[in-house]
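Order-wise, the sequence lines are chains A and B.
Count along the first sequence from 1, then add 962; that gives the number in this note's numbering.
Count along the second sequence from 1, then add 962; that gives the number in this note's numbering.
Hint data in this document are derived by calculation from the structure and do not stem from the laboratory.
Check each hint, because a few of them may be wrong.
Identical chains blur together in the list; that is why a pair holds if it fits in one copy or across any two.
[As the list claims (entries may be wrong)] Cut-off 30 Å, straight-line C-alpha distance, at most; resulting in silico cross-link-like pairs (DSS-like, lysine-lysine):
(1) K1251 - K1049
(2) K1077 - K1251
(3) K1251 - K1068
(4) K1049 - K1068
(5) K1077 - K1049
(6) K1068 - K1212
(7) K1251 - K1135
(8) K1077 - K1135
Read off the chains here:
Number of protein chains: 2
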Amino acid sequence: MTTFGFTLHATDGAARSGAISTPRGQIRTPAFMPVGTAGTVKAMLPESVAATGADILLGNTYHLMLRPGAERVARLGGLHGFMHWDKPILTDSGGFQVMSLAGLRKMSEEGVRFKSHIDGSTHVLSPERSMEIQRLLGSDIVMCFDECPALPASEAEVARAMRLSMRWAERSKQAFGDRPGHALFGIMQGGVTRELREESARALTDIGFDGYALGGLAVGEGQEAMFGVLDYATGFLPEDRPRYLMGVGKPDDIVGAVARGVDMMDCVLPSRSGRTGQVFTRRGVVNIKNARHADDPRPLDEACQCPACRNYSRAYLHHVFRAQEIISSMLLTWHNLHYFQELMAEMRAAIAGGRFTDWQSGFHAARAEGDIEPL
Amino acid sequence: MTTFGFTLHATDGAARSGAISTPRGQIRTPAFMPVGTAGTVKAMLPESVAATGADILLGNTYHLMLRPGAERVARLGGLHGFMHWDKPILTDSGGFQVMSLAGLRKMSEEGVRFKSHIDGSTHVLSPERSMEIQRLLGSDIVMCFDECPALPASEAEVARAMRLSMRWAERSKQAFGDRPGHALFGIMQGGVTRELREESARALTDIGFDGYALGGLAVGEGQEAMFGVLDYATGFLPEDRPRYLMGVGKPDDIVGAVARGVDMMDCVLPSRSGRTGQVFTRRGVVNIKNARHADDPRPLDEACQCPACRNYSRAYLHHVFRAQEIISSMLLTWHNLHYFQELMAEMRAAIAGGRFTDWQSGFHAARAEGDIEPL
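For reference, chain A alone in the conformation it holds in the complex (with noise of 0.2 Å):
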């Protein structure tokens, strides 16, 4: 049984390109990992996902014990087989929906209390739960037990938050406990504070955990600020383990993460846009609802080798958003997918090759030029 463990293949400046290995197969870094919130990518299967380049995938802790439960998941084999993906799974820990989605909420230094969004039932998330929960659903990839305070939030606010997660990081390591060939990972908080930010690595790496991830970030602070507090903090972090930007994001987004040193991200952009029918493609966002793409016979890019390019016009994809059919959903979502797993296949290769600059100043050229011309 192969264990956990990361290996750096090349730097370029500070970007990195890797592999994490796994007893459920490798996730090759920078790693983009699509969200599978309840047990599926939206509007996708799952040998879908993996076709799109996708190594792992994330789960969220909150959204699958409210349904269908862990310890339902658990009776019936763990989420890999329930959602038919063999590959490796990341879960959240629950701490940050239950602060942006549960109702009545009650903190302590225990954890939460909390109402579902589903139902009006009351759950406890702390850090043993969440291990527990985990752990119920097989996760390979677990996250530690955090609370990531909402924005605006003051100084003051957000170093006790930082501390109360430090607290609970130790505590889910002690719950966490010895499962070889699975991963936990600890959050660092602390907001846009640099102090906060070094004190929060510092009481991580002095736990010690299997990655570290930059939690509290692409909350509604800007690209700027958070790209301000990449430029120092991945440095706080260990080199020879993996850094997970959570929550992160649009294209641009990705790829300054990445320049900072950044080795996985995850978000529902990708999915989530193909159902509202914005596309992302080399030259930027294509909307394709507008009515300039009624009568384009063209792929949205003709570079592009997803089934919605390949097969589609721009035309039937107009045709099939304005008439509310599942299968824009299906195709759009692969396309975005697809866009965003090339990506991370091209930087890997750019910095694998040590052109890493240079292809980032392609990224922002080909954007800058925008959608091609109406026919």
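Given chain A, put chain B in place with the hints provided.
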């Protein structure tokens, strides 16, 4: 270029098996045609529809003329390329939907003027315009424009509508002209009145068509009345042309129709039911939203080879249906279409083997068993 043709391979009682040849490929009969209303079989990629065993799709003239528009589809190269389906397509004439879906209608000898149910715009359908639209779409099998009166209707009203439809059939034939490789089917009307059905069949065969449809059935008259008509009406039609029963139906309707000499059918049932959680199996209908499935690790049907049955438990299908995930519609539609195509394949084999009566007994016996016992 293959011309349109029909070959009977075997008969067993009134049941027939054979093949329709077209330049776009062969259609094995008895055939079930999934419905791709607006240029998509809802929740399915076309390659997945083909994987279920479908040789032909049905497209709806009414929906496509309103959105995206027949002239637009023609400019884009026709319906096959537009929707990425290169096998045969049969289009209906628009006559049925204009009566069931359109707003404010004005019928005349000339045709029907009506308002779109989508945007209220005014349109006209006539035999000539219906033929033009079906030509613009690139349909392989074109249906005559007819009037199907809404039930309940007096015998006088049914007779009037049938005779109008026969005059329209003549005009449809004239307007269709000579299109090698494309077929035009006449549509028999006459409700449940034997004399009217016979008069209609005579009128159609006097004109001469490539195939003959049975219209005005499966519109609320009930299975017994429908079978009563089929008992004699297929016999009014030439043996050497395919017989198409429009809008049928449930599995037992389909089996009874094949037993009475029908070669082709279409229905939205498998795809629509897939979206509402109704699943067809050899042992009858399963309602996946029922709580009994929440912890059931077994597939819908362990003998079924579709992706929903090979890769997922009832518990998963129950979960994603309850969570209103798109994958629920995708998997259940796939299963249902697979079931319907397997049903047709079994009937073709049984007819070819001269054991159709035995096969029917087995079909009804398995359904009488009902779903597997809860765990």
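So which of the earlier hints does this model not fit?
3, 4, 5, 6, 7
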